[in-house]
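Taken in order, these protein sequences are the chains called A and B. Per our numbering, the first sequence runs over residues 1 to 261. Per our numbering, the second sequence runs over residues 262 to 602.
Source of the hints: derived by calculation from the structure; they are not laboratory data. Bear in mind the structure is a predicted one, so any value in this text is a computation, not a measurement. Take these hints with a grain of salt, some might be off.
[What the hints assert, rightly or not] Sample of chain A residues facing chain B (criterion: CB under 8 Å; computed from the structure):
1) 81
2) 83
3) 88
4) 118
5) 120
6) 123
7) 133
8) 134
9) 139
10) 188
11) 198
12) 239
13) 241
[Claimed, not checked] One-sided excerpt, in silico: chain A residues whose CB lies under 8 Å from chain B:
14) 76
15) 78
16) 99
17) 100
18) 130
19) 132
20) 135
21) 138
Every residue, glycine too, gets a C-beta built ideally from N, C-alpha and C.
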Amino acid sequence: MKTRTACVLAAVVMVLGLNDGASAQAPAGAAESRAAAQAPARRISAATRQPGRARSFELTASVFFLAPSSLGTSNANLTSNDLSGTAYRWFSASGEFRSAPGIEASASYNVTGAIAVEGGLTYSRPVIAFTVANDAEGASGFTAPGETVSQFFFDASLVAYLSRYRFAGGRARPFVEVGAGYLRELHGQASAASGYFALESGQVYHAGAGVKYFFRPRPTGFVKAYGLRFDARFYVRNGGFTFDGSHSKTFAAGGGLVAAF
Amino acid sequence: MRQRTGIRRRAVIILSAMLALGQSWPAAAYQTYGVQVDSRLAPVKWSGLPVRYFVADRGTTGVTSSQFRDAAARAFTTWQNVATAVVSAQFVGFTLAEPDEEDGQNTMGFLSRPDLERVLGTTNYLIDDTTGEILEADIFFNSAFQWSVASAGESGKFDLESIILHETGHLFGLGHSALGETELQAGGGRRVIAAEAVMFPIAFSTGNISDRTPRADDIAGLSEIYPKTGFSSSSGSLSGRVTKGGQGVVGAHVVAFNPATGALVGNFTLDRQGHFTISSLAPGPYIVRVEPLDDAELDSFFDDSTISEVDIDFRVTFYQGFIVVPPGGGSQPFEVQVTAK
C-alpha cells in the first residue's frame with residue numbers, strides 16, 4: 001500500500017510541474033535552434049543551460065518506499081537418530097523486511113545527451129519481522145518485529161534516456177537504468193554501553209525506469225535548472241541478512257528534486 | 262562426586278561425566294564445567310597442552326587396542342580441527358594401567374562394567390579446586406557393549422569414535438549439552454529422537470556415526486574454554502533472565518538460534534535469579550527459545566545440591582524479538598517470561 005501511495009504522490013507532483021512549466025516557457029526538450037528562436041529576448045543560452053546536455057551534472061535528493069521483501073525461511077534442525085541422517089525440524093523461522101521509507105542522494109554525469117552515469121547512496125531503516133512456527137514441542141507460533149536494521153546501498157548506475165518517448169513538450173524525459181553496488185546493513189545497537197553493531201554486507205543490483213521533468217532553465221546562476229524525478233526500481237540483494245542465504249528481492253519507488261548544473 | 266584435600270598441597274575434586282544409554286549418572290556439568298574459587302567460577306581446563314594420554318593395552322570384542330588408539334587419534338584430531346579453539350593431545354603409548362586409576366597419567370580404554378548397564382563411557386577428572394586446573398583425566402568405555410570402528414558404522418554396535426569424541430569433550434572440560442529430544446522407553450531409560458550436540462548425554466543408537474562431527478554447541482563450548490587468538494573479539498554473547506511469575510527460574514534450558522547460519526547453542530539458567538549467558542556466538546541476530554530440562558535426567562546437568570531447585574514446570578517459550586549479538590561484546594540484557602504448564 002505504501003508503494004502505491006508513493007507512486008500516486010509522485011504523479012501528482014509531476015502534473016503540477018507540467019502545468020507550471022507549460023504556461024511559462026518553451027518546451028525544454030525541443031531542439032536547441034528552435035528554443036533560441038522562441039525566446040530571443042531572454043538571456044538564456046539554450047545550448048549551455050539546457051538540462052541533460054552532454055557533459056553536464058545533476059544532483060538528486062529523493063524519498064522512496066521499499067516494498068516488503070522475504071528473507072526466506074530457516075529451520076532449527078537437530079540431527080535425527082536414524083541412519084539416514086535426515087534433519088529433525090525443531091522449529092522453523094521465517095523473516096521479512098517490512099516496507100520502509102528511505103532517502104537517497106545521487107549525482108549524475110551526462111556523458112552524452114542520451115547516456116548518463118550515476119552514483120548514489122540510499123538509506124533506509126526497515127524492520128525485520130520474523131515468524132516462528134512448527135515447534136516440535138508445541139510452543140505457540142507467532143510473528144513479531146525482530147529489530148530495525150540500518151540499510152545502505154552504495155551503487156553506480158548506467159542511465160539511458162529514451163529520447164523518442166519524451167513528453168510534456170519535451171521536458172519530461174523517461175529513462176531506464178541498471179546498476180550495482182555495495183550493500184551494508186547494521187543491526188540494531190546491541191549494547192548501550194559498548195555501542196557495538198553487528199554488520200552484514202553484500203552486493204545489491206537494480207534495474208528500473210523513471211522520468212525526469214525539468215522546469216524552465218534558470219537564466220543565470222550555478223544551478224541551471226530544477227526539476228522533479230520519479231523512479232521505480234527492482235532490487236536484488238546478494239548477501240546481507242537473510243534466513244536462508246537466498247537473494248532477497250524488493251521493489252522501490254519514489255521521487256524527489258533534481259538540480260542540473 | 263567426592264572431595265579430598267591435601268593432595269599435592271592442593272585440594273582436588275573428582276568429577277565424573279558419563280555418556281549414558283538412556284540413563285545418566287550424577288555429574289556436575291553445565292555447558293562447561295566450573296569450580297567455585299572464592300567468589301568466582303573458575304573454568305575446569307588444562308593449563309598446559311598438549312594433553313598427553315595413554316591407551317590401555319586391552320581391546321574388546323571387535324576392537325583391538327591399536328584400533329582404539331586410531332579411533333582416539335581421529336577424535337582428538339576432530340577437536341583440534343575446531344577453527345576457533347586451540348586444543349591438542351598427544352598419544353604417549355600403551356599402558357597396562359586401568360583407565361580408572363589415580364596414577365598421575367591420563368588413560369583411556371575399555372573396562373568391563375556390566376553393572377553399569379546403561380553407561381557407555383565415563384570420564385573421571387582430578388581437578389585442582391583452587392584453580393580449576395585439570396590434573397588428570399581417565400576415560401573408560403564399557404566393554405559390556407558391542408563396539409565398532411568401521412568407517413561407516415555397524416548395525417548393532419556403538420560407534421567408538423563418536424563416543425570417544427564425546428568423552429574427550431569432557432576431558433577438555435566440556436559438560437553436557439541439553440540440545441536434544443528424547444522419548445521414554447517402555448523398558449526404562451530414554452531413546453534419542455534427535456540431538457544437535459556431541460555432548461548430549463544420551464548416545465545415538467547403534468550403527469549411527471553422526472556424532473563424529475562437533476556441532477555449533479560443542480564448538481562454542483570448546484572455543485569458550487580454549488579460544489584461539491582473536492576469537493574473543495570476533496564473537497559475542499547474549500545474556501538475560503528467565504522468570505516465572507516474577508521469580509527467577511533455575512535450570513531452564515536457553516537456546517540461541519542463528520537464523521542466518523542455522524547454528525543452535527544452548528546453556529542454562531544457573532542461579533535463583535534466573536540469569537543465563539550464552540557465549541562464543543557469531544555476531545548477528547538470534548532467536549531465543551527457553552524450555553524445561555525434560556529430555557534427560559537432571560543429574561546429567563546439575564549436581565545434587567542444585568537439582569532440587571531446578572524448575573521444569575513451564576511451557577516452551579520464545580523471546581518475541583531478535584537479540585543482536587555484537588562482535589566482542591554482549592547483548593543488551595533481556596528477560597524471557599515463562600508460564601507454568
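Going down the list of hints, with the structure as the test:
With its C-beta approaching chain B no nearer than about 4 Å, residue 81 of chain A sits inside the 8 Å limit, and its interface hint holds. Taking 8 Å as the C-beta cut-off, the interface hint given for residue 83 of chain A holds, the closest approach to chain B being about 6 Å. The restraint placing residue 88 of chain A at the interface with chain B holds, with a minimum CB-CB distance near 3 Å, inside the 8 Å limit. A distance limit of 8 Å between C-beta atoms decides the matter here; for residue 118 of chain A the minimum to chain B is near 32 Å, and the interface restraint is violated.
Violation of the interface hint for residue 120 of chain A is found here, the shortest Cβ-Cβ separation to chain B being roughly 27 Å, above the 8 Å cut-off. Against a cut-off of 8 Å between C-beta atoms, the interface hint on residue 123 of chain A is violated, since the closest Cβ of chain B lies about 19 Å away. The closest approach between the C-beta of residue 133 of chain A and any C-beta of chain B is roughly 11 Å, which is over the 8 Å cut-off, so the hint fails. Because the smallest distance between the Cβ of residue 134 of chain A and any Cβ of chain B comes to about 12 Å, over 8 Å, the interface hint for this residue is violated.
At a threshold of 8 Å, the smallest CB-CB gap from residue 139 of chain A to chain B is about 4 Å, leaving the interface hint in force. Because the smallest distance between the Cβ of residue 188 of chain A and any Cβ of chain B comes to about 5 Å, under 8 Å, the interface hint for this residue holds. For residue 198 of chain A, the interface hint holds, the least distance from its beta-carbon to any beta-carbon of chain B being 4 Å, beneath 8 Å. For residue 239 of chain A, the interface hint is violated, since its Cβ never comes within 8 Å of a Cβ in chain B; the closest pair sits about 11 Å apart.
The beta carbon of residue 241 of chain A comes within 6 Å of a beta carbon in chain B, closer than 8 Å, and the hint placing it at the interface holds. The beta carbon of residue 76 of chain A is positioned within 8 Å of a beta carbon in chain B (closest approach about 5 Å), and the interface hint is therefore held. The beta carbon of residue 78 of chain A comes within 4 Å of a beta carbon in chain B, closer than 8 Å, and the hint placing it at the interface holds. Checking residue 99 of chain A against chain B: minimum C-beta separation of about 19 Å lies over 8 Å; hint violated.
Violation of the interface hint for residue 100 of chain A is found here, the shortest Cβ-Cβ separation to chain B being roughly 16 Å, above the 8 Å cut-off. Hint status for residue 130 of chain A relative to chain B: holds, with the closest Cβ pair at about 7 Å, below 8 Å. Because the beta carbon of residue 132 of chain A sits about 5 Å from the nearest beta carbon in chain B, less than 8 Å, this interface hint is met. Because the beta carbon of residue 135 of chain A sits about 6 Å from the nearest beta carbon in chain B, less than 8 Å, this interface hint is met.
Using the Cβ-Cβ criterion of 8 Å, the hint placing residue 138 of chain A at the interface with chain B is satisfied: the shortest such distance is roughly 7 Å.
Hint violations for this structure: numbers 4, 5, 6, 7, 8, 12, 16, 17, all remaining hints satisfied.
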